[in-house]
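J.: Start from the sequences, fold in the hints, and give me the full structure.
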Amino acid sequence: MTAPRERKAGEVADHVEGVLEGDPDVVVRAVAGIEEAGPGDLTFLAHPRYRAALDETRASVILVPPDVPCPAALTAVRVADPYGALQRVLGWFDPGFPGVAPGVHRTAVVDPSAELGPDAAVGPHAVVEAGARLGARTCVGVGGYIGEAAELGEDCYLYPHAYVGRRCVLGDRVVLQPAAVIGSDGFGYAFVDGRYRRIPQIGIVVIGDDVEIGANACIDRATLGVTRIGRGTKIDNLVQVAHNVAIAEDSALAAQSGVAGSTRIGKHVRLGGQAGLAGHIRVGDGVQVGAQAGVIGDVPPGVTVSGYPARPHHEAMRAEAALRRLPDLARRVRALEKGRRDGSGEAP
Amino acid sequence: MTAPRERKAGEVADHVEGVLEGDPDVVVRAVAGIEEAGPGDLTFLAHPRYRAALDETRASVILVPPDVPCPAALTAVRVADPYGALQRVLGWFDPGFPGVAPGVHRTAVVDPSAELGPDAAVGPHAVVEAGARLGARTCVGVGGYIGEAAELGEDCYLYPHAYVGRRCVLGDRVVLQPAAVIGSDGFGYAFVDGRYRRIPQIGIVVIGDDVEIGANACIDRATLGVTRIGRGTKIDNLVQVAHNVAIAEDSALAAQSGVAGSTRIGKHVRLGGQAGLAGHIRVGDGVQVGAQAGVIGDVPPGVTVSGYPARPHHEAMRAEAALRRLPDLARRVRALEKGRRDGSGEAP
Amino acid sequence: MTAPRERKAGEVADHVEGVLEGDPDVVVRAVAGIEEAGPGDLTFLAHPRYRAALDETRASVILVPPDVPCPAALTAVRVADPYGALQRVLGWFDPGFPGVAPGVHRTAVVDPSAELGPDAAVGPHAVVEAGARLGARTCVGVGGYIGEAAELGEDCYLYPHAYVGRRCVLGDRVVLQPAAVIGSDGFGYAFVDGRYRRIPQIGIVVIGDDVEIGANACIDRATLGVTRIGRGTKIDNLVQVAHNVAIAEDSALAAQSGVAGSTRIGKHVRLGGQAGLAGHIRVGDGVQVGAQAGVIGDVPPGVTVSGYPARPHHEAMRAEAALRRLPDLARRVRALEKGRRDGSGEAP
Chain A
1 MTAPRERKAG EVADHVEGVL EGDPDVVVRA VAGIEEAGPG DLTFLAHPRY RAALDETRAS
61 VILVPPDVPC PAALTAVRVA DPYGALQRVL GWFDPGFPGV APGVHRTAVV DPSAELGPDA
121 AVGPHAVVEA GARLGARTCV GVGGYIGEAA ELGEDCYLYP HAYVGRRCVL GDRVVLQPAA
181 VIGSDGFGYA FVDGRYRRIP QIGIVVIGDD VEIGANACID RATLGVTRIG RGTKIDNLVQ
241 VAHNVAIAED SALAAQSGVA GSTRIGKHVR LGGQAGLAGH IRVGDGVQVG AQAGVIGDVP
301 PGVTVSGYPA RPHHEAMRAE AALRRLPDLA RRVRALEKGR RDGSGEAP
Chain B
349 MTAPRERKAG EVADHVEGVL EGDPDVVVRA VAGIEEAGPG DLTFLAHPRY RAALDETRAS
409 VILVPPDVPC PAALTAVRVA DPYGALQRVL GWFDPGFPGV APGVHRTAVV DPSAELGPDA
469 AVGPHAVVEA GARLGARTCV GVGGYIGEAA ELGEDCYLYP HAYVGRRCVL GDRVVLQPAA
529 VIGSDGFGYA FVDGRYRRIP QIGIVVIGDD VEIGANACID RATLGVTRIG RGTKIDNLVQ
589 VAHNVAIAED SALAAQSGVA GSTRIGKHVR LGGQAGLAGH IRVGDGVQVG AQAGVIGDVP
649 PGVTVSGYPA RPHHEAMRAE AALRRLPDLA RRVRALEKGR RDGSGEAP
Chain C
697 MTAPRERKAG EVADHVEGVL EGDPDVVVRA VAGIEEAGPG DLTFLAHPRY RAALDETRAS
757 VILVPPDVPC PAALTAVRVA DPYGALQRVL GWFDPGFPGV APGVHRTAVV DPSAELGPDA
817 AVGPHAVVEA GARLGARTCV GVGGYIGEAA ELGEDCYLYP HAYVGRRCVL GDRVVLQPAA
877 VIGSDGFGYA FVDGRYRRIP QIGIVVIGDD VEIGANACID RATLGVTRIG RGTKIDNLVQ
937 VAHNVAIAED SALAAQSGVA GSTRIGKHVR LGGQAGLAGH IRVGDGVQVG AQAGVIGDVP
997 PGVTVSGYPA RPHHEAMRAE AALRRLPDLA RRVRALEKGR RDGSGEAP
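In order, the protein sequences belong to chains A, B and C.
With this note's numbering as the guide, the letters of the first sequence map in order to residues 1 to 348.
With this note's numbering as the guide, the letters of the second sequence map in order to residues 349 to 696.
With this note's numbering as the guide, the letters of the third sequence map in order to residues 697 to 1044.
Don't take every hint at face value.
Unchecked claim - Between beta-carbon pairs, the in silico distance windows are:
#, chain 1, residue 1, chain 2, residue 2, range
1, C, R891, A, R195, 43 to 53 Å
2, C, M1013, A, R51, 41 to 51 Å
3, A, R325, C, E1011, 20 to 30 Å
4, C, R1020, A, G131, 51 to 61 Å
5, B, G386, C, E1011, 24 to 34 Å
6, C, R725, B, R545, 42 to 52 Å
7, A, G131, C, D777, 52 to 62 Å
8, C, P814, A, G194, 27 to 37 Å
9, B, R545, A, R106, 35 to 45 Å
It is worth saying that the hints were derived from the structure and are not from the lab.
Glycine included, each C-beta is placed from N, C-alpha and C at the ideal position.
T.: This is the structure in structure tokens:
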């Protein structure tokens, strides 16, 4: 953990290719949210919700969109995408992943047949089983578990208590948050004579480069073949990905969402929090699934769906609006019926 | 674990400030549910669902509301709130948290720079990183992880496999159930040129006194600043609390509920199981959110909401009732249309 | 892990009691999904979704229902239930659970008063507390935790990081996936004077024979008495089972479903993914609950329910269909009202 360096507003503007309004020599030493920031802090305005906080922030410098008026005392760096700019600036102040000393901790248990790349690190109480391979600089945190013949690429970082099951494969720069589970057995049973019989789950999980998996998330191994998470895809905490699911590149699954068995998800797909996808369906590239939506059939590329059962978002919104007016509609139908019973064709 | 002591019905009545009906010298040695209780057991009736079991219970003594008739053989202690009375009585029989010997277990790994208060306990295979501090009598269970410079107050109890990340702060008497995760990285990415770039999550989690966090629940650290859980708030198993969320005092989040980033929750709020709150919203004091509800906008104090999208409960119930009658309503509209086509203004 | 043996198509047909169409001497060396299979692989067709893949599969042998036409080059084994047949065949190729050496690993911490049956295994960094008992051949994987006086039957297999709390009881052949939590404290508080007071959770969990519990799933101990999971019931990843729930035999709970406190579930019940059951209700034998359904009242035996609040599936589907036509219905009511205002009884 290296101490964050001081930066000047002018350096910030150069780094994010923004337009500076104010004193280029103002110094920032840290980054903070708009409501918590104080003198010496750099802050940002990304969500319109916080525009009201702009007049009261005590920050020294702010990343802000071009069209938002700023108080005169605040040095502004104007950029089209303040959140993206924040990402670039935060690297300066990021202490990085908690360090784990390269090599094998004296309390770790590593099978002699396991292969560790240069500067790979195995932390306290971690276990690496026979035939497993860790790429260069890959780090298995405290209490981590790497199963038999599992393969991890280079520069992976596994937070404490992560689990990678037998024969599963991780690409380069994969990050597992605490207690993420890769390669649990899929939920597969044959129901025979009134009882469930276990279907052996003999497939694996293959995770691409630059994937991140959240805390306590579960990725089940395939019954046969592969459960696949494509390069760059990000999976949040407590997400369930069932056996034989395939997710393409650069998708994002928000917390507590779930994907049932054998479903295929395209690239650039987003699942909202607590959304659920049925098994054996196909969700096209660029699809966006609303929070808590339940998708029970195929979704063509580029569509935004919501509700249960999920349908195109504008339809769901129309139905929702109609539902809110439904008690009123029922009252109007009663009025029409009454008019008819009264033998009257006229308006009341 | 100390053996529960024997108590007499009269002592029970005194302890809970209840009114005794029956023999004050009946002895109870344990507490049991109304259907499982036997002779020598104290039981209780809190939920009306179990009133029918009253005539058949074999318990010796029962905590029961004033207005409920009891069989003559049963010694009754009448109290307005039997569940609250149960809480007071159970302390007599509670074996307490599983013991962990004070000091550092020989298999634990504690950095020399960590500070342990008097009678703090670090269990087998637990790890305490550099600069962490544990208050007096705080107990880190088997396989627990305390990150660099984390601070735990006094009398905290961490069940096995709990995780407290770097620089996170816990107050006094905080309880973490097994494998609770405090301080995982928030789910923050900037989407640039079709790929997600990681936003460093350099904030922390601050948890107030008397908070309890459920098994496998996740509380993400803030991007910047603090994710905050207020004093006395209780969080159930498998709950997700995202980065920069703030929850005030004495709220309760039931199992599998989730709160998206930067949302603020007041005090005395209750979330039902599997409820979800969108990001960047404000939920006022005393709000109650129904199970599985999806809240997508601000909720003023004191309101009870349900459904998706969540709305005031009575509105949701009206819409729900109307929805159930919708097929009938459609039939009636068809009848009206038919009547009109037939040129008839009369009732059928 | 033993190498899978070679098998001939004729052996496959005999083993699953199927009808062979093609060459009985074709050799299979592995099992694979229909789209991934190559020469030497056995595959299967269970879900109609994949029927189109039949013409293109490169598998050597296929398990297939009687009525599905097969390409001539493919040797077919016809069976009524291909998925059940797959289960029987996979046993040949199943490497079994990852091995843990019998006895106590040198890094494990086992209390001298714990009792281990013949060939029981306690893996690296596992902990077994005082008075706990493990049956013959039961295996506690890496980092597992067995609490004080807990009892595990014979032939149980606990994947790494599983947790079994104090005094909980597991039958024979129970499987816990990674980080499953059995016996966390129930979420029980008395709300007194504006604050939650902890109700001690002094009951236990009792799990029957042949139960399997998913990764990161949580089964809470009872407040008093027992939380019970019946023989043969299968519970998927990230499922929540609250205190004092009772689930009978041979039921299945899909991923991320949740059951609130004291609810009773019959045998042969199925919960879909993300389904939720309210507390204190009874769900009869053979009930099927749709994915994401929210059950708020008792459900009689044999009924299929869906939606929120859950109702019989055909009603939910009717309401859903009516909801989709609701904007149209509103338009038609407006037309009727207009007709009436125009003083016209005629059709437009």
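J.: Please go over all the hints and tell whether each is borne out by the structure.
T.: Now the hints, each set against the structure:
In this structure the supplied range 43 to 53 Å holds for R891/C paired with R195/A, their Cβ-Cβ distance being about 47 Å. Between M1013/C and R51/A the CB atoms are about 45 Å apart, so this pair conforms to the stated range of 41 to 51 Å. Between R325/A and E1011/C the C-beta distance comes to about 22 Å, which sits within the given range of 20 to 30 Å. As the Cβ distance of R1020/C to G131/A is approximately 55 Å, the hint placing it in 51 to 61 Å holds.
Our hint of 24 to 34 Å for G386/B and E1011/C is violated, since their Cβ atoms are close to 43 Å apart. Checked against the given bound of 42 to 52 Å, the beta carbons of R725/C and R545/B, roughly 44 Å apart, stay inside it. Look at G131/A against D777/C: about 36 Å separates their beta carbons, and that is not inside 52 to 62 Å. Taking 27 to 37 Å as the suggested C-beta distance range, the pair P814/C and G194/A conforms, at roughly 32 Å.
A hinted range of 35 to 45 Å holds for the C-beta pair R545/B and R106/A, which are about 37 Å apart.
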